[in-house]
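J.: Sequence:
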Amino acid sequence: MIRIAAALVLCSLVVSAAATQGPFERPRELSTPAAEGSLAPQLAAGPNNRVFLSWLEPRPKGGHRFRFASWLGERWAEPRTIYEGDDLFANWADVPAVFVSAGGRLVAHWLQQLPGGKYAYGVRMRTSNDDGATWSAPFTPHRDESATEHGFVSLVDWPAGGVGAIWLDGRQTQPGGHDGAQGGSGAMSLRATTIQPPAALGQEVLIDDRVCDCCPTAAVRTAEGVVIAYRDRTATETRDISVARFENGTWGQGRPVRDDGWKIAACPVNGPALAADGRRVALAWFTAGGDQPRVMVAFSSDGGATFGRPVKVNDATTLGRVDVEWLTDGSALTVWLESEGEQMNVRARPVFPDGRIGDAWTVARVAGTRTSGYPRVVRSGRDLIFAWRSAGPTPGIATAVARLR
Numbered sequence: 003m004i005r006i007a008a009a010l011v012l013c014s015l016v017v018s019a020a021a022t023q024g025p026f027e028r029p030r031e032l033s034t035p036a037a038e039g040s041l042a043p044q045l046a047a048g049p050n051n052r053v054f055l056s057w058l059e060p061r062p063k064g065g066h067r068f069r070f071a072s073w074l075g076e077r078w079a080e081p082r083t084i085y086e087g088d089d090l091f092a093n094w095a096d097v098p099a100v101f102v103s104a105g106g107r108l109v110a111h112w113l114q115q116l117p118g119g120k121y122a123y124g125v126r127m128r129t130s131n132d133d134g135a136t137w138s139a140p141f142t143p144h145r146d147e148s149a150t151e152h153g154f155v156s157l158v159d160w161p162a163g164g165v166g167a168i169w170l171d172g173r174q175t176q177p178g179g180h181d182g183a184q185g186g187s188g189a190m191s192l193r194a195t196t197i198q199p200p201a202a203l204g205q206e207v208l209i210d211d212r213v214c215d216c217c218p219t220a221a222v223r224t225a226e227g228v229v230i231a232y233r234d235r236t237a238t239e240t241r242d243i244s245v246a247r248f249e250n251g252t253w254g255q256g257r258p259v260r261d262d263g264w265k266i267a268a269c270p271v272n273g274p275a276l277a278a279d280g281r282r283v284a285l286a287w288f289t290a291g292g293d294q295p296r297v298m299v300a301f302s303s304d305g306g307a308t309f310g311r312p313v314k315v316n317d318a319t320t321l322g323r324v325d326v327e328w329l330t331d332g333s334a335l336t337v338w339l340e341s342e343g344e345q346m347n348v349r350a351r352p353v354f355p356d357g358r359i360g361d362a363w364t365v366a367r368v369a370g371t372r373t374s375g376y377p378r379v380v381r382s383g384r385d386l387i388f389a390w391r392s393a394g395p396t397p398g399i400a401t402a403v404a405r406l407r
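Numbering (this note's numbering), first residue to last: 3 to 407.
Simulated from the structure, these hints should not be mistaken for laboratory data.
Be a bit skeptical, because a hint or two may be false.
[To be verified] Computed Cβ-Cβ distance ranges for the label pairs, DEER-style: (1) Ile-266 / Asn-51: 35 to 43 Å; (2) Gly-163 / Gly-39: 33 to 41 Å; (3) Asp-88 / Arg-358: 44 to 52 Å; (4) Thr-236 / Gln-345: 30 to 38 Å.
Ideal placement from N, C-alpha and C gives every residue a C-beta, glycine not left out.
With the hints as constraints, model all of the structure from the sequences given.
T.: Here it is as structure tokens:
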């Protein structure tokens, strides 16, 4: 039986005094329609201030359900199931999501296990043109079905219509795992295709033939085209953030945003986040280059062609796991995980393109482990909606809303 996780929200929501200053009202905790033990929260915003929350929910007899709920302005609607089964791959970092296209169509993606190993899985998708009441038959965006990893998907409105998809593709590797260095004969690659709903696939394109193995990707549509961000990987194990653009009908080469010089032999499972508004792009990421863990934000005013000097936003030791969203005052609200003594907090702070930073405030307390996942934020009109995995004896999905003044 589904039990509303309101108690989990009340236990984990913490609002510092700074949250009532500046442009925000005090966040309000929400009853969240996810069963206890749910994981992998994700938020998606679309036209007309539509917002969708998605998550993975354990089934009583094993396996998981991929579920979602729409935002009704003051509360979440009753949840619906997109897919369920014993073969659904559940992971704290490589999470499913619902994307809302500019035309209002929903595109959902999740991971489904493939024969051949623990980390052998592929991407599956469905589309809906009636807000998720019905869905197309499942399909796979990648042509390769080898017993390797295919995941960390990002979806984006495509300039020529339809939806673009990017993902990490392990066809050049051998089966391995998320916790170590690349153990196969080749490197993880970054690939892309287009989707004309309900399921027509365009050409598959190789964007980068050597990238970090298991860091989330990000993609946004700008006035100039499409910008993607990902954690790159050099032959000497430098794993900094790169961006690539699709402009004038072609993909450009990925290039580093900044020389952080983070050399690490294993994947840190810490990807970037993007937000776009016309030609403005905000990029947030985590690095530990020079053994100094920090969250950075950089801005572009030319559709992602160039980025300015980055700004450090964390105040204490950080785990990264960032998200970012444009606000109405021209700042970008950055969200990340940061330690405070023995506890871990979801922190938020507005950052301006000119380098100014606002007060940082604590949204919630979470577990300082991988099970806490990634905190999320989206804006719907004057509302900021947050989602995270709560701490406690029985973790679950927690959400809150804060209104812009």
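J.: Which earlier hints turn out false for this structure, listed by number in ascending order?
T.: none
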